[in-house]
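Student: Chain order of the listed sequences is D and C. Residues 1 to 90 in my numbering are what the first sequence spells out, letter by letter. Residues 1001 to 1386 in my numbering are what the second sequence spells out, letter by letter.
Honestly, the hints are just simulated from the structure, not real lab data. Just so you know, not all the hints are guaranteed correct.
Listed next, the in silico BS3-like pairs over lysine-lysine satisfying Cα-Cα at most 27 Å (straight line) [claimed, not checked]: (1) C:1289 / D:63; (2) C:1166 / C:1334; (3) C:1050 / D:13; (4) D:63 / C:1111.
Coverage of chain C stretches by chain D, computed from C-beta distances (three or more under 8 Å per stretch; other residues unrestricted) [said to hold, decoys possible]: (5) 1022–1031; (6) 1039–1047.
Because the structure is a prediction, the values reported are computed rather than measured. All residues carry an ideal CB built from backbone N, CA and C; glycine is no exception.
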Amino acid sequence: MAHPEVGKPCNPKKCSHWGLSVWTDENDARHAIELFPETMENWRIARGTVNHNDGVLLGTPSKKQPEHHTFWKSFGLNIAGKFSLLPEAT
Amino acid sequence: MWTPESHPLKWDKIRLSPIDVLYHYDEPLIFTVSFGPAIFLAYKVGGAGKNRYLMVPTFDAVLAQLRAGRLSVRGALDQQTYWIVDADADLNVDAAWQVADADLPPKFLPKRGLGLFASAGRELPDTLQQSLAFFSVKFTGARLTHEVIQFSRFKSLIDNVYDSVKKIFPPLIINGKPFTREVDYNIFQPKLSSLVISIKEPVVNVQKIMTRTNAVDLHAADFTGHFELSRDEFIARVDEVVSHAEKGELKKGFAAENFDTLDQISEIMPSANNFVDRVEFRSASAKNKVIAIEARVGERIKLAHKKAESDPKIVTGAVIEINEQSATFVIKNKSQRQITCVLSRDLYDQSEFGVGYIARVRGDYIKRKRRDKIIVGDLPEFSSPK
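Whole structure, please, built from the sequences with the hints as guidance.
Tutor: Written out as structure tokens, the structure is:
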């Protein structure tokens, strides 16, 4: 869920704050969890395949997150079933 | 071990001022902050809703290597003492603790070898010295700690690495003369806790060489290629030896063919019998190759070297002297070591060669003070000089 939906500090007028931060390569997600073992201790990686009916995916790279993408889900659509949790790395 | 219940330091109300964000995911997770005149690297260790950061003083060289993907995040945080800082949402400091390395919860540091991003790879050096070194050797062991190391162990490791480096980098040859004493190596300050010995580019006494050779126009840069080639060839050969040793015991033939490489590294291999669990070689070549050797593999290499020492060996060198009467000839190998090759009359008569030819001989090797000897068992192979 996006930051405005869960009450996280954000600017509701900013389009990007209504999107979800995602990666398109599992390696980048795994790397993040290994890089922050304490902060992301209870995090899990959810993987799924989305198409143009599910929402909009945009590459939003920056120096501080070069593989960053933002996903805006289509309003009112439930796509949770398209995702599954990956096993934790040993 | 530090816990949140540990007694915090007395600190006036301070606000952390972020300068640059290096890693961001929903919030800044790794960033630099100014703290009076100093710059600190902040790394988030708090879970959801908790602004807890590990902070270490940092400087430009660390940040440059980290951003360039040449130093791991763990390496950028590498210190003997850390600050753990709790802050509110506006980064006003609520509490702070000074924590020794030994008391830091293990999960407060990232996994070894990881850069800022996955694209940097998973085998980055965990110390600044290694990231800046021309060539480095890192020893890891449960009894190699940050604080102290036994004097005898330190001496043993330093001596063995020094001897290995002298074998890895053969002497400079200029106008046919070998130069050993004119080359030395500056090293970075050795790091305890996983003893790291990092060597800078070799230092050549050009003046002395010019005096001995009567050469007029030599520069240290002229020899850079020699050392880089020696280093890269060593790494390639060790990589091959380790690949074989990982699969099982090294075969006799392989050990004989690669005896020089085994000889260069056997004294610094980890094993269950010494205090070193792992050895890591790093090269500052374009590929930034790293070779890590665990104790199990190290033992196979040591065993293969020990057996090969008494087994027939294969040596290669340029013929520098021939003695028809005694059916012997002398070769000089790549390390400029002279070896007398002793043949039976029959083998000698079958051999066709001259001074300058490259000889490849196999036989029982005898180490001696001035000139080693090899009792040649098979017909040598010769190739004419280029």
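Student: If you test the structure against every hint from before, which numbers come out violated?
Tutor: No numbers; nothing is violated.
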